[in-house]
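What follows is each chain in one-letter form.
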Amino acid sequence: MKRFWCLLKVTVLNYFHISVMQETYIEQRQRQWEPLLFGVAIVAGAGSVGGLVFVAARSLLGSLPPQFAELALMMFVLATQFMALGFGLASLISLFYFSADLSVLVPLPLKAWTILAAKFVVAAITEYLPPLVLFLPVLIAYNQRLPLGLWGTLSALAVFLLLPLIPLSLAGVATLTIMRGVGRRHRDTLIVVASLLSIAGILALQYFFQSLTIGNLDVGEVLQGRIDLVARMGSMFPPSVWATRAISRAGEPDGLFNLLFLILASSAAVGVFLLVGQRVFYGGLIGGEERSRQRTALDAKALSQAVQKPALTALVLREVRLFMRMPIWVLNGFLAIVIVPLTALFPAFAGGGTRG
Amino acid sequence: MLSIRNVSKSYVKDGVNVVDNLNLEVAPGEIFGFLGPNGAGKTTTIKMTVGLLKQDKGSITVNGHDTRQNPLAAKSSIGYVPDNPDLYDKLRAFEYINFVADVYGIETSVRQQRLLRLARMFEIHDALSDLIGSFSHGMKQKLALTAALMHAPPLLILDEPMVGLDPRSAHLFKELMNEHCSQGKTVFFSTHILDVAERLCHRVGILRRGRLITCGTMEELRQAATAESSLESIFLGLTEK
Chain D
550 MKRFWCLLKV
560 TVLNYFHISV
570 MQETYIEQRQ
580 RQWEPLLFGV
590 AIVAGAGSVG
600 GLVFVAARSL
610 LGSLPPQFAE
620 LALMMFVLAT
630 QFMALGFGLA
640 SLISLFYFSA
650 DLSVLVPLPL
660 KAWTILAAKF
670 VVAAITEYLP
680 PLVLFLPVLI
690 AYNQRLPLGL
700 WGTLSALAVF
710 LLLPLIPLSL
720 AGVATLTIMR
730 GVGRRHRDTL
740 IVVASLLSIA
750 GILALQYFFQ
760 SLTIGNLDVG
770 EVLQGRIDLV
780 ARMGSMFPPS
790 VWATRAISRA
800 GEPDGLFNLL
810 FLILASSAAV
820 GVFLLVGQRV
830 FYGGLIGGEE
840 RSRQRTALDA
850 KALSQAVQKP
860 ALTALVLREV
870 RLFMRMPIWV
880 LNGFLAIVIV
890 PLTALFPAFA
900 GGGTRG
Chain E
321 MLSIRNVSKS
331 YVKDGVNVVD
341 NLNLEVAPGE
351 IFGFLGPNGA
361 GKTTTIKMTV
371 GLLKQDKGSI
381 TVNGHDTRQN
391 PLAAKSSIGY
401 VPDNPDLYDK
411 LRAFEYINFV
421 ADVYGIETSV
431 RQQRLLRLAR
441 MFEIHDALSD
451 LIGSFSHGMK
461 QKLALTAALM
471 HAPPLLILDE
481 PMVGLDPRSA
491 HLFKELMNEH
501 CSQGKTVFFS
511 THILDVAERL
521 CHRVGILRRG
531 RLITCGTMEE
541 LRQAATAESS
551 LESIFLGLTE
561 K
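Same order as they appear, the protein sequences are chains D and E.
Count along the first sequence from 1, then add 549; that gives the number in our numbering.
Count along the second sequence from 1, then add 320; that gives the number in our numbering.
Simulated from the structure, these hints should not be mistaken for laboratory data.
Any given hint might turn out to be false.
When the alpha-carbon atoms are kept at most 16 Å apart in a straight line, the in silico EDC-like pairs for lysine to aspartate or glutamate are as follows [to be verified]: (1) D:Lys660 <-> E:Asp422; (2) E:Lys410 <-> D:Asp848; (3) D:Lys551 <-> E:Asp422; (4) D:Lys551 <-> E:Glu427.
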């Protein structure tokens, strides 16, 4: 266990650049405006998003009868967990696929679970930021509508801490399994596929919400019309139901049982991640280290292209080739051209069915 | 100390073996030089020994511990310096050394003593509070070697340790290898610098296309070739066949 804490400390120091900040801002007293600006940006960004969420949650909860408040809370729980899943995938891909430290760590006498758990904790730390912006304002709004009391507040705090663990564990199992299958050397391709899937997911969600808000129905009616859908979503992912009821029914035996279920499920999810990780981690890592020796000789056709060109032409050709061979650059360049028009067209597509 | 038996490795299923039925024994107190042209399989062999790669066939034993059956015990006996150390750029040098010392469970008094001695020897003592990201390649090599020696490993494995080092640092590395060996410990290193291998190693092994084509002391190698041969001419003679 001591090795785990040592590794966690080093991973946290390295991942969050704590030593760099300490040296730059405290010891050398250079660029001290940076943390200040960063703080202002965080407060402004998180404050405005959190404020918007709070206003939306308050108006939604205020317009609903108390029996639907629980359902609305569950929607936010689900949204937070989906967000944790997305961010978790990104964090874990970065921590496992793009970190250079595995070649340092693997030759050390560390068990696989020690490395996995340290990286998982670092990912979990980053996971508490989105719920802070998305879930905390909802809890405040919920508390205004239906006061939580002491047990409710304690339960909400526990739920807040537990909420990202299951999505993060799922993201971890997915990342390590993909790493085993795809290998770290194909990480560019993986990023492109993951980005395309994420964008498809975002577009699908946007389509869903667009279709939800179109028409003359008020929010309460929309929710009543979607009760089955939300309930089905809840039954598809029971932890969201447990998290919701742990808060909404705090102080009752039902609330306590739901909190207990959530604690057990979260612990089990982390356990499954570590178990699966133990089995596939080295395989995935080792697969990524391997390089084949396939070589291709220059053929006559390729050789014929080796003719003198003006320096500018050579420079442009080099840039174009590099651009086309870096999938992530192509993705960054082209997707904006595709997504922006699609997003603009969504209201027309989504509204067609409901306006009837 | 290091025993490699019938080890084969291919990166492509049913493809050409990068390491082909390799057999090698390195004794305690020995400096063993692992030579071969680019792509001969030296780094692959080293990576299999330290656990970064998995062999397809055969077994590797370090200090009596099979690297597959008992990896933690085997790794505890190894100090490893890769050819291009990817250390934590955002950490300070002493934070990294402390971490490695913690992993090996080295007592505070011992670690302080060793750290000071090694850091002074490698002339990095005045940079221990600096961020690793600010280090040159040579300084990173020295830091990686300092970290690898913190637990006084019975087997020190170095992959191309002289690449990118200035003459003084290279000299320090050689002194260090001799010192390590004089304590009854083993040094196993790959290199392209034949002069270093010739003067430093008790035995050398030459690898070509994954196969060990010759292995022995300089005297044995010379006897196999012509009496006046240098290691360079033996190497070129064997690897160009």
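Compare the distance between the alpha carbons of Lys410 (chain E) and Asp848 (chain D) with 16 Å, and conclude whether the hinted pair is satisfied.
violated (45 Å)
Check whether the Cα positions of Lys660 (chain D) and Asp422 (chain E) lie no farther apart than 16 Å.
holds (14 Å)
Does the alpha-carbon distance linking Lys551 (chain D) and Asp422 (chain E) stay inside the 16 Å limit?
Cα-Cα ~8 Å, so holds.
Can you confirm whether the C-alpha distance between Lys551 (chain D) and Glu427 (chain E) stays at or below 16 Å?
holds (13 Å)
Checked against the numbered hints above, the structure breaks only hint 2 and satisfies the rest.
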